[in-house]
Amino acid sequence: MSGSILFNAIVLLAGAVICVPIAKRLGLSSVLGYLLAGILIGPYVLGFIGNEGEDIMHFAEFGVVMMLFLIGLEIEPKNFWQMRKTIVGMGGAQVILTMLLSYFILILLGLNWQVALTISMAIALSSTAIALQTLKEKGLMDTTYGVSSFSILLFQDIIVIVMLAVIPLLAKTDDIPPAATSVTTEAHRSLLDSLPIGLQALAVFSSVILVVILGRYVIVPMLRLVAKARVRELLTASSLFIVVSISFLMELVGLSPALGAFLAGVVLATSEFKHELESTLEPFKGLLLGLFFMAVGASINFVVLSTYPLTITGLLLGTILLKAIVLFIVGSIFNLKLDQKLLLTVGLAQVGEFAFVLLSFAFDLNILNTEQLDMMLVVTALSMTIAPILGIINERLILPKVGTKEAEKRPIDHIAKTHKVILVGFGHFGSTVGRFLRASGVEATILDHDSNRVDLLRKMGFEVYYGDATRIDLLESAGITEAKILICSIDNPDVAIPFAKTLIKKYPHLKLMFRAKNRYDAYELLELGIQNVYRESLDTSVKMAADVLANMGHRKYTVHRQSQKFIQYDEEMLRKLTEKPKDTKEYIFKVREEIKKQEEQLEEDLKRGIIDDSRQWNSEEMRLAAKKNGEA
Amino acid sequence: MKNVLVLFAHPKFEHSKTNKALVDKIQNREGITFHDLYERYPDFNIDLPKEKELLNTHDVIIWHHPFYWYNCPPLMKQWIDVVLEFNWAYGPKGNALQDKKCLNVITTGGTREVYCSSGNNHYSVNEFLRPFEQTARLCGMEYLPPFTVMGTHNLSKEDLEIHVNQYDQLISALQEDKAFKITKDCDFLNDTPLLKKIKTNER
Numbered sequence: 001m002s003g004s005i006l007f008n009a010i011v012l013l014a015g016a017v018i019c020v021p022i023a024k025r026l027g028l029s030s031v032l033g034y035l036l037a038g039i040l041i042g043p044y045v046l047g048f049i050g051n052e053g054e055d056i057m058h059f060a061e062f063g064v065v066m067m068l069f070l071i072g073l074e075i076e077p078k079n080f081w082q083m084r085k086t087i088v089g090m091g092g093a094q095v096i097l098t099m100l101l102s103y104f105i106l107i108l109l110g111l112n113w114q115v116a117l118t119i120s121m122a123i124a125l126s127s128t129a130i131a132l133q134t135l136k137e138k139g140l141m142d143t144t145y146g147v148s149s150f151s152i153l154l155f156q157d158i159i160v161i162v163m164l165a166v167i168p169l170l171a172k173t174d175d176i177p178p179a180a181t182s183v184t185t186e187a188h189r190s191l192l193d194s195l196p197i198g199l200q201a202l203a204v205f206s207s208v209i210l211v212v213i214l215g216r217y218v219i220v221p222m223l224r225l226v227a228k229a230r231v232r233e234l235l236t237a238s239s240l241f242i243v244v245s246i247s248f249l250m251e252l253v254g255l256s257p258a259l260g261a262f263l264a265g266v267v268l269a270t271s272e273f274k275h276e277l278e279s280t281l282e283p284f285k286g287l288l289l290g291l292f293f294m295a296v297g298a299s300i301n302f303v304v305l306s307t308y309p310l311t312i313t314g315l316l317l318g319t320i321l322l323k324a325i326v327l328f329i330v331g332s333i334f335n336l337k338l339d340q341k342l343l344l345t346v347g348l349a350q351v352g353e354f355a356f357v358l359l360s361f362a363f364d365l366n367i368l369n370t371e372q373l374d375m376m377l378v379v380t381a382l383s384m385t386i387a388p389i390l391g392i393i394n395e396r397l398i399l400p401k402v403g404t405k406e407a408e409k410r411p412i413d414h415i416a417k418t419h420k421v422i423l424v425g426f427g428h429f430g431s432t433v434g435r436f437l438r439a440s441g442v443e444a445t446i447l448d449h450d451s452n453r454v455d456l457l458r459k460m461g462f463e464v465y466y467g468d469a470t471r472i473d474l475l476e477s478a479g480i481t482e483a484k485i486l487i488c489s490i491d492n493p494d495v496a497i498p499f500a501k502t503l504i505k506k507y508p509h510l511k512l513m514f515r516a517k518n519r520y521d522a523y524e525l526l527e528l529g530i531q532n533v534y535r536e537s538l539d540t541s542v543k544m545a546a547d548v549l550a551n552m553g554h555r556k557y558t559v560h561r562q563s564q565k566f567i568q569y570d571e572e573m574l575r576k577l578t579e580k581p582k583d584t585k586e587y588i589f590k591v592r593e594e595i596k597k598q599e600e601q602l603e604e605d606l607k608r609g610i611i612d613d614s615r616q617w618n619s620e621e622m623r624l625a626a627k628k629n630g631e632a
Numbered sequence: 001m002k003n004v005l006v007l008f009a010h011p012k013f014e015h016s017k018t019n020k021a022l023v024d025k026i027q028n029r030e031g032i033t034f035h036d037l038y039e040r041y042p043d044f045n046i047d048l049p050k051e052k053e054l055l056n057t058h059d060v061i062i063w064h065h066p067f068y069w070y071n072c073p074p075l076m077k078q079w080i081d082v083v084l085e086f087n088w089a090y091g092p093k094g095n096a097l098q099d100k101k102c103l104n105v106i107t108t109g110g111t112r113e114v115y116c117s118s119g120n121n122h123y124s125v126n127e128f129l130r131p132f133e134q135t136a137r138l139c140g141m142e143y144l145p146p147f148t149v150m151g152t153h154n155l156s157k158e159d160l161e162i163h164v165n166q167y168d169q170l171i172s173a174l175q176e177d178k179a180f181k182i183t184k185d186c187d188f189l190n191d192t193p194l195l196k197k198i199k200t201n202e203r
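One line per chain: the protein sequences are E and X, in this order. With the first letter of the first sequence counted as 1, position 570 gets the number 570 in UniProt numbering; the numbers rise by one all the way through. With the first letter of the second sequence counted as 1, position 8 gets the number 8 in UniProt numbering; the numbers rise by one all the way through.
I should point out that these hints are in silico values taken from the structure, not numbers from a laboratory. Values in this document were obtained by computation on a predicted structure and should not be read as measured data. You may find that some hints are simply not true.
[What the hints assert, rightly or not] Computed spacing ranges between beta-carbons, pair by pair: (1) X/Gln98 / E/Val548: 42 to 50 Å; (2) X/Leu48 / E/Val231: 54 to 62 Å; (3) X/Lys17 / E/Arg608: 28 to 36 Å; (4) X/Leu138 / E/Glu604: 49 to 57 Å; (5) E/Leu225 / X/Glu30: 30 to 38 Å; (6) E/Lys78 / X/Glu30: 45 to 53 Å; (7) E/Glu482 / X/Glu85: 38 to 46 Å; (8) X/Ile46 / E/Val548: 19 to 27 Å; (9) X/Pro49 / E/Arg438: 17 to 25 Å; (10) X/Asp168 / E/Arg608: 55 to 63 Å; (11) E/Lys78 / X/Asp168: 50 to 58 Å.
[As the list claims (entries may be wrong)] Here are some chain E residues the structure puts well away from chain X; computed CB gaps all over 12 Å: (12) Val147; (13) Leu390; (14) Val559.
[Said to hold, decoys possible] Which chain E residues face chain X? A few, computed with CB under 7 Å, are given here: (15) Arg555; (16) Lys556; (17) Tyr557; (18) His560; (19) Trp617; (20) Met622; (21) Arg623; (22) Ala626.
Where is the CB? At the ideal position from N, CA and C, for every residue including glycine.
Given the sequences, and given the hints that come with them, work out the whole structure.
Put into structure tokens, the structure is as follows:
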């Protein structure tokens with residue numbers, strides 16, 4: 001059935017197009033949709049994709065690399081440095097504990113120590129792709145649970161290099177077959193193998209430095225040059241070029257490409273091209289990750305599964321349980337709250353994509369036999385499939401009963417009941433809104449998804465509901481039906497805009513006041529008919545410009561009036577440009593649309609000219625009139 | 001030596017010739033505090049404790065402003081409304097400003113001739129300034145006649161120069177706390193013999 005590239009592409013794309021929307025509609029994550037699509041089109045169900053699934057997987061692993069690059073872009077170097085203790089502490093504890101426990105259990109099961117060690121290394125690693133994709137989709141990256149997960153995953157990315165270096169030492173030296181350098185093991189094969197260890201370490205170290213220097217002094221100037229050429233697809237090409245060449249460099253010296261890409265991302269996080277890179281790479285990342293998940297689904301060997309159903313079920317459950325216990329312990333050591341711990345435990349309890357690499361590598365070195373390899377690959381793939389399901393069970397059935405409750409019973413006073421204000425999100429933006437309201441005697445009902453914050457706020461006497469504010473049932477229990485005003489301070493437009501749509505449809509009488517990240521989100525919100533849109537980038541930046549003028553010697557009161565006028569003018573123009581018809585609403589054209597809007601905006605500025613209020617308090621005209629009178 | 005506080009209010013100071021000359025002359029003098037209200041409070045959000053402290057540490061309060069629509073610019077009025085608190089500046093327990101001296105220094109476009117019963121403006125400047133006078137009185141301050149620079153629409157360079165020097169001299173006199181026994185009969189401080197002398201000297 002399979003064969004041509006076009007046919008494979010059709011099958012994969014069709015699988016994604018059919019399964020992912022269904023999964024989404026059922027309220028499951030897209031990861032699960034892709035995995036199920038993979039199983040469906042794989043060799044054991046419909047058989048559209050044969051053994052090439054594994055090759056696709058290797059290709060699609062690049063999606064993970066891109067994801068880490070994109071994550072790096074969002075972390076500024078300073079913040080990364082602040083995380084170093086969490087990374088080494090939590091990550092180290094997780095890897096060491098998991099390896100120790102699984103090693104002894106495997107030894108007890110009668111495996112020899114080399115096999116036990118290899119498998120325990122594979123088990124210690126979790127799936128960056130699944131865990132981070134889920135975190136991003138739910139907007140939980142900035143919670144304690146999100147940061148902890150990310151730290152552990154990053155540590156695993158680093159430690160996998162050591163593991164790949166150690167595995168060859170486990171092989172019986174006399175029978176390393178030439179196959180050890182086959183395609184599947186390219187990760188460890190590097191230019192440096194012939195060098196002594198000291199020089200290798202030096203090369204690794206200097207290539208990391210090289211990435212940092214390249215980022216600063218080569219990539220940014222290169223992007224500036226490309227930007228000047230004004231050819232859009234060239235920017236896409238250079239974004240891909242950056243990621244691919246850094247991965248290549250990393251593989252050359254035997255480092256994990258994902259780690260290199262992450263580092264490059266961090267370096268570029270402070271450059272002016274941050275958002276360009278993000279918006280060009282995002283679709284590639286999404287597609288490749290989807291492909292990767294499908295490949296994982298397709299690679300589940302149902303023959304092995306049906307041959308050893310009990311062994312595999314036992315191994316699978318044992319592995320997940322063991323990982324979960326270790327994660328729970330690590331969470332306890334680092335003082336996570338119960339529900340954050342549970343999220344962490346379930347979120348990282350699967351075996352990750354690195355296991356495929358490690359296990360195949362060990363097989364090539366004759367450390368594992370075919371049976372062991374097949375079984376472990378099935379366990380890995382199944383654990384990745386089960387992980388999102390466990391996540392849903394945890395979220396829907398367990399979490400509401402333990403830890404931070406969704407709601408807390410407390411008497412509602414009358415004013416709160418009749419003039420109810422709901423404030424969604426209590427981060428940097430929302431907390432300022434909420435604090436000011438409280439300072440003015442208005443107690444908003446707060447919805448937030450960070451349980452640490454929720455507990456603190458409850459201690460401070462706020463009425464807080466915990467959970468995903470976009471869930472209708474939570475909104476209902478927070479009293480949305482009696483509320484007059486809903487304030488949305490969610491910073492992620494991908495969450496905020498669908499949220500706005502739901503609210504408009506379900507609660508047409510509710511007054512909506514929305515935070516907009518920037519002008520473009522504001523356009524979208526205005527188009528939905530929301531009148532009260534607050535751009536976080538407007539008032540503060542005008543205030544800054546006003547201070548600049550004041551520092552240059554302009555009178556502060558004049559500047560103050562100018563800035564008020566400017567804000568008013570900007571708001572008017574925003575509304576004017578919103579009314580203009582758009583070319584299309586598709587995501588792909590969004591960037592082009594944004595540039596067009598900016599052009600229109602700058603044109604309006606030109607038409608308007610310098611803000612002028614010389615008519616006020618102008619004695620010059622009066623002076624001239626007085627002179628004329630005198631002469632006459 | 002008396003401490004002099006000049007409360008200056010001008011919404012468009014950068015366009016004013018007369019006030020620029022007046023302010024340039026006196027603002028860096030020793031022993032006076034020049035307080036530019038529109039520069040300090042562009043958003044009209046007056047720092048009350050700070051203003052009270054300023055008043056406490058000064059003996060002479062000058063309301064220096066252009067005369068717009070027979071009144072002070074709005075921020076000066078805001079200052080009066082906010083700072084002169086009940087039971088601090090006035091009222092049974094309000095004695096913070098007791099026995100301080102207070103006066104208006106104003107610039108007007110129209111000449112002294114248009115500010116009289118037969119002129120366009122119908123009333124004299126002193127009559128228009130009654131609210132300030134009474135405000136000062138209610139706060140237990142001694143209200144002095146205003147120092148005025150009038151007819152700024154048609155003021156010659158030389159005349160402006162004279163006014164500037166008079167203002168400077170006025171500040172000195174206020175600091176030395178002299179010459180004001182004879183002001184009782186004058187409508188304007190400009191007409192006191194002390195300042196009149198400057199006029200003749202310069203000419």
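Tested hints:
1. The given range of 42 to 50 Å is respected by X/Gln98 and E/Val548, whose C-beta atoms sit roughly 44 Å from each other.
2. Restraint check, X/Leu48 to E/Val231: a C-beta distance of roughly 60 Å satisfies the suggested window 54 to 62 Å.
3. The beta-carbon spacing between X/Lys17 and E/Arg608, approximately 30 Å, falls within the hinted interval of 28 to 36 Å.
4. One distance hint, 49 to 57 Å for the beta-carbon pair X/Leu138 and E/Glu604, holds here, with the actual separation near 52 Å.
5. Checked against the hint of 30 to 38 Å, the pair E/Leu225 and X/Glu30 fails, with Cβ atoms roughly 60 Å apart.
6. A hinted range of 45 to 53 Å for the beta carbons of E/Lys78 and X/Glu30 is consistent with their spacing of about 48 Å.
7. For the pair E/Glu482 and X/Glu85, the supplied restraint of 38 to 46 Å holds, since their beta-carbon distance comes to about 41 Å.
8. Taking 19 to 27 Å as the suggested C-beta distance range, the pair X/Ile46 and E/Val548 conforms, at roughly 24 Å.
9. Taken as a hint, the range 17 to 25 Å holds for the pair X/Pro49 and E/Arg438, whose Cβ atoms sit roughly 24 Å apart.
10. Against the hinted window of 55 to 63 Å, the Cβ-Cβ separation of X/Asp168 and E/Arg608 comes to about 44 Å, which falls outside the hint.
11. Separation of E/Lys78 from X/Asp168 is about 55 Å and conforms to the stated range, judged on CB atoms against 50 to 58 Å.
12. For E/Val147, the condition that its CB be more than 12 Å from all CB atoms of chain X holds, with the nearest at approximately 39 Å.
13. The beta carbon of E/Leu390 sits about 55 Å from the closest Cβ of chain X, which is more than 12 Å, so the claim that it is off the interface holds.
14. The Cβ of E/Val559 sits about 7 Å from the closest Cβ of chain X, inside the 12 Å cut-off, so the non-interface label is violated.
15. Because the beta carbon of E/Arg555 sits about 5 Å from the nearest beta carbon in chain X, less than 7 Å, this interface hint is met.
16. For E/Lys556, the interface hint holds, since its Cβ comes within 7 Å of a Cβ in chain X; the closest pair sits about 4 Å apart.
17. Evaluation of the E/Tyr557 hint against chain X yields a held restraint, the C-beta minimum of about 4 Å falling below 7 Å.
18. Because the smallest distance between the Cβ of E/His560 and any Cβ of chain X comes to about 4 Å, under 7 Å, the interface hint for this residue holds.
19. Satisfaction of the interface hint for E/Trp617 is found here, the shortest Cβ-Cβ separation to chain X being roughly 4 Å, below the 7 Å cut-off.
20. Taking 7 Å as the C-beta contact cut-off toward chain X, the hint placing E/Met622 at the interface holds, the least distance being around 5 Å.
21. The interface hint given for E/Arg623 is met, as the beta carbon of that residue sits about 5 Å from the closest beta carbon of chain X, less than 7 Å.
22. Contact between E/Ala626 and chain X, as hinted, is supported at the beta carbon level, the nearest pair being about 4 Å apart and thus within 7 Å.
The earlier numbered hints that this structure contradicts are 5, 10 and 14.
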